[in-house]
Amino acid sequence: MSTAPLLEVTDLVVEVDNGKRILPVLDGVTFSVDAGRTLGLVGESGCGKSMTALAIMGLLPQGFRVKSGDIKLDGKSLLSMGPDALRKLRGSVMSMVFQEPMTSLNPVFTVGDQIGEALRLHEHLNAADARTRAIEMLRAVQIPAPEERVDNYPHQLSGGMRQRVMIAMALACRPRLLICDEPTTALDVTVQAQIFSLLETLQKEMGTSIILITHDLGAVAEMADDVAVLYAGKRAEAGPVATILDNPSHPYTRGLMSCTPRLRLGSAALTPGHTLAEVRGMVPPLGQFEAGCRFSPRCPMADAHCHAAPPPDVHLGASQTVLCWKVTQEQAA
Amino acid sequence: MSVVSMDKSPSVAEPAVVLASKPQNPQVEALLLFLRNGTAALGLSMMAIIVVMCLIGPGLYGIDPYAIVNVPFAPPGTPGALFGTDFLGRDILAGVLIGGRPTLIVGCVAAAMTIGIGVLIGCMAGYFGGWIDRALMKFTEFFQVLPALLLAMVIVSIFEASLLTITLAIGIVGWPQAARLTRAEFLRIRDLEYVRATRTAGARDFYLIFNTILPGALPPIIVASALTTGGSILFESGLSFLGLGDPNMMSWGVMIGQNRNYLLEAWWTVSIPGIAIFLTVLAISLIGDGINDALNPRMRKR
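Residue numbers (full-length UniProt numbering), protein chains in the order written: chain A, 1 to 333; chain B, 1 to 302.
Derived by calculation from the structure, the hints in this document are not laboratory data.
Predicted model only: the values in this text are computed from it and were never measured.
The beta carbon of each residue, even a glycine, is placed where N, CA and C say it ideally should be.
Careful: at least some of the hints might be erroneous.
Unchecked claim - Label-pair ranges, simulated between beta-carbon atoms:
| hint | chain 1 | residue 1 | chain 2 | residue 2 | range |
| --- | --- | --- | --- | --- | --- |
| 1 | B | 120 | A | 282 | 24 to 32 Å |
| 2 | B | 218 | A | 62 | 22 to 30 Å |
| 3 | B | 188 | A | 63 | 15 to 23 Å |
| 4 | A | 276 | B | 220 | 56 to 64 Å |
| 5 | A | 307 | B | 218 | 55 to 63 Å |
| 6 | B | 41 | A | 148 | 30 to 38 Å |
Claimed, not checked - Every beta carbon over 12 Å from chain B, so not counted as near; a handful from chain A, in silico:
| hint | residue |
| --- | --- |
| 7 | 61 |
| 8 | 72 |
| 9 | 83 |
| 10 | 84 |
| 11 | 101 |
| 12 | 104 |
| 13 | 113 |
| 14 | 121 |
| 15 | 242 |
| 16 | 247 |
| 17 | 258 |
| 18 | 261 |
| 19 | 270 |
| 20 | 297 |
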């Protein structure tokens with residue numbers, strides 16, 4: 001395995017032009033994913049997780065554009081590539097699994113056709129070969145009776161099976177990078193566990209790097225090797241999963257962790273536990289960010305300094321990075 | 001590719017679906033629904049009879065529709081002329097049988113042209129959006145505000161009235177509706193997740209338009225094309241009635257147009273081709289409604 005990371009996102013700034021004003025969406029997001037590893041990208045809705053994914057795929061919606069920063073895949077900048085070169089990478093070198101398995105499959109084609117699509121587009125396979133490969137992929141994602149399922153239409157499959165089909169589609173060309181945008185949000189917990197273990201198995205087999213976009217820290221703990229927490233377009237905290245979950249240093253990460261429900265069963269369920277915490281307030285809408293630290297309006301520890309100036313990135317230990325004045329002050333003390 | 005171990009059997013986790021799903025092709029399902037629908041089946045059989053009569057009728061009947069076979073204005077029931085004769089003494093039945101051919105051809109070809117132009121423009125406008133959409137829709141509106149019949153009359157009058165120019169004229173004035181319909185469907189489907197998923201699989205615009213979005217947009221377009229065929233037949237008849245039909249080609253519209261001055265003295269000369277047009281358009285409409293019901297997912301629940 002090479003030591004250079006497969007994907008490097010450096011100081012990524014994405015803006016949207018809504019016709020009246022230009023608003024920042026992502027502001028200096030930096031992270032990297034090593035080959036064969038999994039990065040958890042965590043944050044509330046509206047923090048820029050999906051925009052980061054779309055920026056990597058080169059599929060930002062109309063009006064959005066990358067202002068500065070760089071995205072390097074295997075050392076090559078994706079931002080300087082032409083649309084056709086980028087299109088050739090999509091589906092073959094990098095691919096994506098979407099959140100909604102119910103709407104992510106085309107209702108008018110069989111799942112076999114759709115899994116074979118990337119193969120026909122990139123490897124120019126004929127219909128028979130694509131079908132054979134589709135059956136192999138269905139078997140790889142542990143769908144029973146793949147020879148029959150290959151001719152099914154999406155409405156004949158359950159949510160969990162559709163998400164397996166989505167994964168089969170995304171992995172058909174053995175991509176080196178797989179972006180999963182909340183792949184299990186629409187599924188129930190037992191299926192969620194199956195999907196995660198499936199992704200891990202396939203990752204080991206193919207050496208694919210995964211970016212797992214989620215707001216569920218439980219999923220991150222289960223799947224990811226590294227984690228990056230996004231808040232309002234900025235990277236609040238990043239580092240290895242064990243370190244971050246063991247020692248969350250940004251108040252937002254701590255807030256997210258205290259929001260994760262813990263299961264109490266048996267007699268423990270009868271005793272009153274503490275109520276689930278919340279991070280008060282909402283993610284500010286685009287363009288209405290605080291001048292200082294963007295999290296300061298919701299931060300229980302914020303003081304005048306936090307409201308006045310944006311904090312710098314601080315390194316904690318070997319691999320953890322935090323964006324917080326409090327940590328800076330602690331380190332200085 | 002090596003097979004991943006199957007230690008966790010997913011079939012245990014999702015048994016209900018395995019039982020519930022009976023592989024049934026949606027196209028087959030729609031066809032069955034269509035045939036089970038009484039009025040649609042009636043329309044289809046009417047249409048089949050009409051087409052067969054137009055194809056083999058003239059040969060079986062054996063009377064030249066252009067030949068003068070009897071006295072002018074012989075009433076229906078006259079021996080040798082079952083449906084009577086027209087103002088020249090030509091056999092009406094022979095005319096109706098042979099006249100179906102140009103009528104149906106003009107109807108189908110003009111409808112195909114209408115749908116073809118409309119779908120192409122609607123696809124481009126709906127898929128690309130932005131200035132392409134605005135430009136194409138202004139162009140469409142330009143054609144929409146022109147009175148269709150007048151424009152067609154102008155086109156036919158400028159060029160000579162032949163089957164080709166009439167077909168072209170109908171196709172040119174009819175497409176805006178199909179374009180707007182296609183555009184609306186594209187706007188709806190364009191941003192659905194499965195289109196995004198196909199785009200992330202590395203598909204080109206061309207592939208997305210014709211292989212991903214268009215199949216999903218087809219149901220209303222298919223229904224519209226059936227109704228457009230009926231409309232085109234009426235349009236051709238209207239033009240012919242006004243004397244702009246191809247005079248060398250006996251179509252139902254031309255028969256009505258040539259005999260329209262004698263409507264009060266000899267009703268059959270106009271009414272019998274009129275009934276033929278009526279039945280044909282009715283059959284096509286019934287088929288169109290039947291397709292609509294069969295493709296409408298809400299109907300399947302009933």
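Exercise for review: Please flag the earlier hints that this structure goes against, numbers listed from lowest up.
Suggested key: 1, 4, 7, 9, 10, 11, 12, 13, 14
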